[in-house]
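Peer 1: Per this note's numbering, the sequence shown starts with residue 17, numbered consecutively.
In short, the hints are calculated from the structure, not lab data. For clarity, every value in this text was computed on a predicted model and none was experimentally measured. The hints are all genuine.
Computed spacing ranges between beta-carbons, pair by pair:
| hint | residue 1 | residue 2 | range |
| --- | --- | --- | --- |
| 1 | A87 | D247 | 34 to 44 Å |
| 2 | F120 | Q89 | 19 to 29 Å |
| 3 | D181 | T49 | 33 to 43 Å |
Cross-link-like lysine-lysine pairs, in silico, DSBU-like; alpha carbons within 30 Å at most:
| hint | residue 1 | residue 2 |
| --- | --- | --- |
| 4 | K197 | K85 |
| 5 | K191 | K85 |
| 6 | K212 | K197 |
Glycine is no exception: its CB is placed at the ideal position from the N, C-alpha and C atoms.
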Amino acid sequence: MQSQPILFTFDVAGPCTPIRLRKVVRKRRDYSTEQIRQIASYIFYPVLQAVPEIEDLTGFQKRNAALAKAAAQTANDQMLELCNLMGILFLTMARPNDLATAKFEHFDFEKLVWHKHNTKGIKLSRAPYEYTYRTVPIHSRVAEMVRAQRSRWPESDLVFPSHTDPAKPRDNFRKGLARFKALPDVPDYFQLYDLKRIAISLMLAGQGVSHEAISHYVDHKGNLETTMNYDLGLV
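Please model the entire structure based on the sequences and the hints provided.
Peer 2: This is the structure we're talking about:
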């Protein structure tokens, strides 16, 4: 008598089924009118650290004061440069990436315009007979900030170059941004990109500028729904 074969079945579909990543919905970062007013105040009137005097000191006290003075000057330089960056972002409603490759030659101080070469929303034509940049008007305060960067980096072509290699763009403002977020009434969730959202919201709600004009100015491909998402509901 022959024995019946025993069949084993394995369910390999379970452990091998790919797991779909859960979609994470980021919380909307809203700002009150008072927070916006305080952030703008810090940007256009930077809070700097006190630099200690070392003239009347001797010995270890002089050495420690000299180290503290150097650290304070470095921190102040970082804060001033960060405020120049944030001021330009605030007044032009530009993206942080727009300034990453911005050069001094892109700014015309007489006509007060910025020839933006790095755009995201509106794709520029590669044809040699057409324009290779978008020109947007700038505030005179923006021109002052760009001139301040020129005084800081006279040998660089980039407005915000890397400290180690002026030929490369600045990769981050981590230390300066951490000091800025530590200031009173600045939310912990503050990000550089929020300056674009705040500025657009102020233009939408406060100045009554048409959504079409803002959408074109901020390079949103004419998508009004995208532009409306930037409205914080300010009055």
